[in-house]
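Respectively, the protein sequence lines represent chains A and U.
Reminder that position 161 of the first sequence reads as 266 in the numbering used here, one-by-one numbering, no gaps.
Reminder that position 349 of the second sequence reads as 850 in the numbering used here, one-by-one numbering, no gaps.
Think of the hints as simulated: they come from the structure by calculation, not from any bench.
Quick caveat, the model's predicted, so the values are computed rather than measured.
Wrong hints could be hidden among the right ones.
[Said to hold, decoys possible] One-sided and incomplete, this derived list gives chain U residues near chain A with beta-carbon spacing under 8 Å:
hint, residue
1, Glu570
2, Pro574
3, Ala713
4, Gly829
5, Gln845
[What the hints assert, rightly or not] Per the computed footprint, the stretches of chain A lying under chain U, defined by three or more beta-carbons under 8 Å from a beta-carbon of chain U, are:
hint, segment
6, 179-193
7, 224-237
8, 281-288
[Claimed, not checked] Ranges of calculated distance between the beta carbons of each label pair, as one might list FRET restraints:
hint, chain 1, residue 1, chain 2, residue 2, range
9, A, Thr224, U, Ala676, 54 to 64 Å
10, A, Glu140, U, Asp817, 30 to 40 Å
11, U, Arg873, A, Arg330, 36 to 46 Å
12, U, Arg652, A, Thr371, 22 to 32 Å
13, A, Asp217, U, Lys818, 26 to 36 Å
14, A, Thr321, U, Thr824, 30 to 40 Å
15, U, Gly813, A, Lys306, 53 to 63 Å
16, U, Arg873, A, Ala307, 29 to 39 Å
17, A, Thr218, U, Arg557, 32 to 42 Å
18, U, Asp556, A, Ala295, 39 to 49 Å
19, A, Glu140, U, Thr712, 29 to 39 Å
20, U, Asp842, A, Gln195, 40 to 50 Å
21, A, Gly117, U, Asp841, 41 to 51 Å
Backbone N, C-alpha and C define an ideal beta-carbon position, used for all residues, glycine too.
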Amino acid sequence: MSRIAARFEALGRDNRAALVTFITAADPSIETCAEILKGLPAAGADVIELGMPFTDPMADGPAIQAAGRRALAAGGSVSTTLRLVRDFRQHDDTTPIVLMGYYNPIYHRGVDTFLAEATEAGVDGLIIVDLPPEEDDELCLPARAVGLDFIRLATPTTDDKRLPAVLANTSGFVYYVAIAGITGTASAAAADIGRAVARLKAKTALPVGVGFGVKTPEQAAEIARVADAVVVGSAIVSTIEASGGDPAPTLAFVKALSDGVRRARTEVAA
Amino acid sequence: MLSPVLNPDDGDDDAPRRGRRAGVPAEASAAAEPVTFEDPIVSERPNSYRTGPDDRGRFGIFGGRFVAETLMPLILELEAAYDAARADPAFAAEIAALARDYVGRPSPLYFAERLTEELGGAKVYFKRDELNHTGSHKINNCIGQILLAKRMGKTRIIAETGAGQHGVATATVCARFGLPCVVYMGAKDVERQAPNVFRMKLLGAEVVPVTAGAGTLKDSMNEALRDWVTNVEDTFYIIGTAAGPHPYPRMVRDFQSIIGTEAREQMLAAEGRLPDLLVAAVGGGSNAIGLFHPFLDDPSVAITGVEAAGEGLEGDKHCASLTAGAPGVLHGNRTYLLQDDDGQILEGHSISAGLDYPGIGPEHSWLKEIGRASYMPIDDKEALAAFQLLARTEGILPALEPAHALAYVAKVAPTMAKDQIILMNLCGRGDKDVHTVAAALEAGAVSAH
Chain A
106 MSRIAARFEA LGRDNRAALV TFITAADPSI ETCAEILKGL PAAGADVIEL
156 GMPFTDPMAD GPAIQAAGRR ALAAGGSVST TLRLVRDFRQ HDDTTPIVLM
206 GYYNPIYHRG VDTFLAEATE AGVDGLIIVD LPPEEDDELC LPARAVGLDF
256 IRLATPTTDD KRLPAVLANT SGFVYYVAIA GITGTASAAA ADIGRAVARL
306 KAKTALPVGV GFGVKTPEQA AEIARVADAV VVGSAIVSTI EASGGDPAPT
356 LAFVKALSDG VRRARTEVAA
Chain U
502 MLSPVLNPDD GDDDAPRRGR RAGVPAEASA AAEPVTFEDP IVSERPNSYR
552 TGPDDRGRFG IFGGRFVAET LMPLILELEA AYDAARADPA FAAEIAALAR
602 DYVGRPSPLY FAERLTEELG GAKVYFKRDE LNHTGSHKIN NCIGQILLAK
652 RMGKTRIIAE TGAGQHGVAT ATVCARFGLP CVVYMGAKDV ERQAPNVFRM
702 KLLGAEVVPV TAGAGTLKDS MNEALRDWVT NVEDTFYIIG TAAGPHPYPR
752 MVRDFQSIIG TEAREQMLAA EGRLPDLLVA AVGGGSNAIG LFHPFLDDPS
802 VAITGVEAAG EGLEGDKHCA SLTAGAPGVL HGNRTYLLQD DDGQILEGHS
852 ISAGLDYPGI GPEHSWLKEI GRASYMPIDD KEALAAFQLL ARTEGILPAL
902 EPAHALAYVA KVAPTMAKDQ IILMNLCGRG DKDVHTVAAA LEAGAVSAH
């Protein structure tokens with residue numbers, strides 16, 4: 106069983122949602138990023154999304170754009186991203202790592218080369234923003250063939266007609282983008298999210314994670330009540346930006362988010 | 502007779518070869534029977550260079566739809582709306598009427614007699630698209646896209662711009678149709694193209710300076726895509742060049758093909774034959790594909806696109822993506838891109854803001870790969886010299902973009918026979934660039950004669 110499937114199965118037994126944390130590889134430096142990465146599982150991250158820095162992050166808002174610029178300035182690249190994963194795996198063989206980014210750095214490296222390196226490093230899945238199902242033969246199908254999960258985004262603009270195509274080759278979990286827009290801006294209403302998750306769960310057996318616009322432990326808890334996973338990105342990288350080279354504030358924030366997620370369903374039950 | 506009609510299927514005016522009924526004027530035939538790339542008449546000519554893109558939006562391996570899921574339904578909706586519009590004679594008629602009465606088409610074909618004498622070789626003709634309303638070819642595409650936006654019921658228009666020509670053209674059609682307009686423009690371009698910024702504001706557009714990256718065209722396109730992804734319900738994104746996700750490269754090409762369609766007819770009227778060489782500047786490549794496309798299946802016509810070599814190809818201060826780049830994926834399509842070893846996109850550099858883009862329309866990438874067109878680099882100094890050459894010999898100030906094309910013409914014309922013909926697209930006028938040129942000349946880049 107893949108690390109992602111195993112993690113969601115265990116969380117299902119505990120009846121709690123996963124906290125999925127996003128950081129950009131090499132932000133603010135390769136060393137600090139490695140420290141944050143190493144500390145994330147203990148702080149309560151159940152799945153780690155590691156952003157591969159790219160010069161032109163078209164779907165990202167100001168916070169993650171800035172994280173990408175910091176990472177590139179600090180020497181971030183596909184190679185350093187994979188090295189960070191490899192180092193992390195020395196200490197942790199259970200926390201799933203999903204690489205998130207854009208297609209060009211992978212395409213330029215060569216899809217087969219990249220997939221071989223990623224599996225060897227201990228990557229579990231990929232979220233590639235600019236590869237819709239229409240382009241599945243580019244990376245999605247080759248990735249699935251070597252055992253990597255390909256996690257697809259579903260959005261408020263993904264209508265019922267399109268949903269089956271979006272879900273068809275998706276694996277690991279489905280990432281519901283709660284707002285039409287870029288990362289880290291507006292937040293969606295909890296009721297809308299609940300309806301959207303129900304719509305997805307009617308069509309797929311995969312876990313459904315929700316992200317875009319989750320900023321506080323309270324919001325994380327709200328989503329954790331209705332979804333299988335809560336994805337937090339911009340709020341974490343903003344904390345990284347504000348903390349200079351110190352990993353402690355970031356890990357403390359992740360701990361607070363995790364407490365929110367862990368409390369969510371017990372509070373409802375009580 | 503010159504047809505001002507933009508034939509929305511592919512702009513081919515060579516009716517008999519395409520198997521259209523004899524005696525039916527091309528435009529009437531086109532209006533009654535729109536020919537699409539699936540049309541069996543076209544399929545009988547498997548060697549045609551004009552049948553792309555395929556149903557995945559690809560020209561060979563180039564093109565495609567590399568966008569975030571949020572945009573994907575919009576792209577599909579746009580494709581369906583454009584296919585319907587192409588099949589509707591009323592759409593072609595609307596475009597034709599505006600092209601004639603508002604834009605001033607057809608633009609003249611002009612024999613540059615003194616320049617030809619000065620160069621001492623092939624006869625040089627210009628397609629005078631700088632005489633269009635708003636001063637460049639950009640308006641051809643904006644008319645088509647805003648009419649499509651109206652058909653789709655969109656109420657807000659966004660655009661990216663580099664030199665400001667596309668921003669001005671978009672702001673113009675938005676004023677004409679009473680739609681609000683937001684133009685994203687790199688902060689560096691806002692500075693170096695101040696007259697166009699002022700024009701856009703006069704036309705009622707909001708100009709948003711983009712400071713991300715190097716603050717040029719690439720970054721303004723990122724920002725426009727972010728706006729679109731956020732305002733999916735009401736917003737239509739008018740992309741200014743023949744790039745971006747399918748169907749944009751095809752759509753922009755179709756709207757710009759009026760350039761080549763007119764020029765082909767005009768050249769046949771003026772010289773009784775086709776030109777030997779077509780030359781046009783390529784940034785994203787919309788004026789070039791507009792000129793080239795109607796000639797692609799004419800084997801006697803050589804085709805050269807001219808890229809900006811900036812301060813030279815040896816460093817990274819240039820935008821010659823086809824000459825010095827590699828295939829990659831950016832802004833929704835696979836195409837040649839300037840990029841580093843890690844696949845990070847490099848910032849282009851050119852004295853011409855309109856060529857300052859690290860990519861190129863996917864159809865050009867394909868034309869290069871299959872060898873139907875060649876692409877040559879021209880640097881800042883050569884373009885500045887050509888700018889002055891045209892001013893002195895013909896009394897025309899070209900934009901710095903076509904000045905690159907002209908610099909190549911000035912190189913190649915003397916090597917050709919006097920009975921040969923070069924047709925160059927003079928795609929924009931140079932008023933917007935006089936300050937840039939003045940600054941460059943003062944800095945001693947090229948001595949003023």
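Range hint compliance [Cβ, A/Glu140 to U/Thr712, 29 to 39 Å]: holds, 31 Å
Checklist entry - Does the interface hint hold: is U/Pro574 within less than 8 Å of chain A, judged Cβ to Cβ? => result holds, 5 Å
Quiz item: Hint check: is the beta carbon of U/Ala713 less than 8 Å from a beta carbon of chain A?
Solution: At 6 Å from the nearest chain A Cβ, U/Ala713 passes the 8 Å test, so the hint holds.
Note to self: Looking only at beta-carbon atoms, does the pair A/Glu140, U/Asp817 fall within the given range of 30 to 40 Å?
What the structure shows: Check passed, 34 Å falls within 30 to 40 Å.
Apply the coverage criterion to the segment 224-237 of chain A and chain U: a residue qualifies when its Cβ sits closer than 8 Å to a Cβ of the chain, and three qualifying residues are needed. holds (count 4)
Consistency of beta-carbon spacing, U/Arg557 to A/Thr218, with hint 32 to 42 Å:
For A/Thr218 and U/Arg557 the Cβ distance comes to about 25 Å; the hint is violated.
Item to check | A/Asp217 paired with U/Lys818, Cβ distance criterion 26 to 36 Å | outcome: holds, 34 Å
Original post:
U/Asp556 and A/Ala295, beta-carbon distance inside 39 to 49 Å?
Top reply: holds, 41 Å
Does the Cβ-Cβ separation between A/Thr321 and U/Thr824 fall within 30 to 40 Å? Check failed, 51 Å falls outside 30 to 40 Å.
Have a go at the U/Gly829 hint: is there a Cβ in chain A nearer than 8 Å to its own Cβ? holds, 5 Å
query: Okay, A/Thr224 versus U/Ala676 on CB: inside 54 to 64 Å?
result: holds, 55 Å
Quick check: do three or more residues in the segment 281-288 of chain A have a beta carbon closer than 8 Å to a beta carbon of chain U? That given contact holds, which follows from 4 residues of the segment 281-288 of chain A lying within Cβ reach (below 8 Å) of chain U.
In terms of the numbered hints stated before, the structure departs from hints 11, 12, 14, 16, 17, 20, listed from lowest to highest.
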